[in-house]
Amino acid sequence: MYAFIEGEVCEKLSGSLVLLASGIGWQLNCSNSTLQAAPPVGGKMRCFTFLSVREDAMELFGFATREEKEMFLQLTSVSGIGPKTALGVLGAMPLRDLNLAILLGDVNALSRAPGIGKKTAQRIALELKDKISQASVSAPIPAESVSAPALSPDAVSEAIEALIALGYSSTEARNAISQIRDQTDKPEELIRLALRAMAGI
76 MYAFIEGEVC EKLSGSLVLL ASGIGWQLNC SNSTLQAAPP VGGKMRCFTF
126 LSVREDAMEL FGFATREEKE MFLQLTSVSG IGPKTALGVL GAMPLRDLNL
176 AILLGDVNAL SRAPGIGKKT AQRIALELKD KISQASVSAP IPAESVSAPA
226 LSPDAVSEAI EALIALGYSS TEARNAISQI RDQTDKPEEL IRLALRAMAG
276 I
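Numbers 76 to 276, taken from the numbering used here, label the letters of the sequence shown in order.
Derived pair list, reagent style BS3-like, types lysine-lysine, alpha-carbon separation capped at 25 angstroms:
1) Lys194 / Lys159
2) Lys261 / Lys206
3) Lys194 / Lys204
4) Lys206 / Lys194
5) Lys204 / Lys159
6) Lys119 / Lys87
If you're looking for bench data, these hints aren't it; they were derived computationally from the structure. These figures come from a predicted structure and were not determined experimentally.
Sequences are here, hints too, so could you generate the full structure?
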């Protein structure tokens with residue numbers, strides 16, 4: 076119904092913010108990530124929105140980016156995940172890390188989000204893994220995180236499997252990993268570096 080609302084930030088509350096647009100104060104339920112991205116009170120912001128309609132309530136949700144809104148919709152499509160729980164997941168880690176946790180089936184990382192137990196984390200990883208795109212996990216890595224000593228075979232295997240899941244051939248995945256395998260021992264960082272190498276970045 077509403078694609079986005081753009082206006083002046085009037086209030087920043089716990090779990091929501093109020094935008095003044097066209098003389099109306101719109102209260103938007105938001106993740107911690109969106110609240111952190113919002114400018115100080117008085118600043119202008121565009122929030123992408125989703126209207127949740129239930130028998131007992133109508134609630135408006137706001138997101139700093141289209142990507143966060145898309146992940147919210149994907150999370151709420153998982154059995155047992157409601158809008159408020161989805162916001163908790165979105166606020167528990169950066170969006171790139173969330174995409175990577177789902178792709179790698181990292182149940183421990185997912186279950187650190189409020190309201191998410193291990194069984195729910197497993198459902199999230201299982202149901203959303205195929206919806207994770209290459210672009211969502213190929214963002215640059217801070218230079219300070221690209222250094223590590225011993226590289227375990229398990230890390231290499233996880234990274235190669237993840238690249239194959241993204242549509243690359245086994246040969247492409249192995250070649251890419253071989254180029255950057257001495258730079259980190261963490262599977263998620265191997266994946267990001269490999270994607271950057273294949274993209275020529």
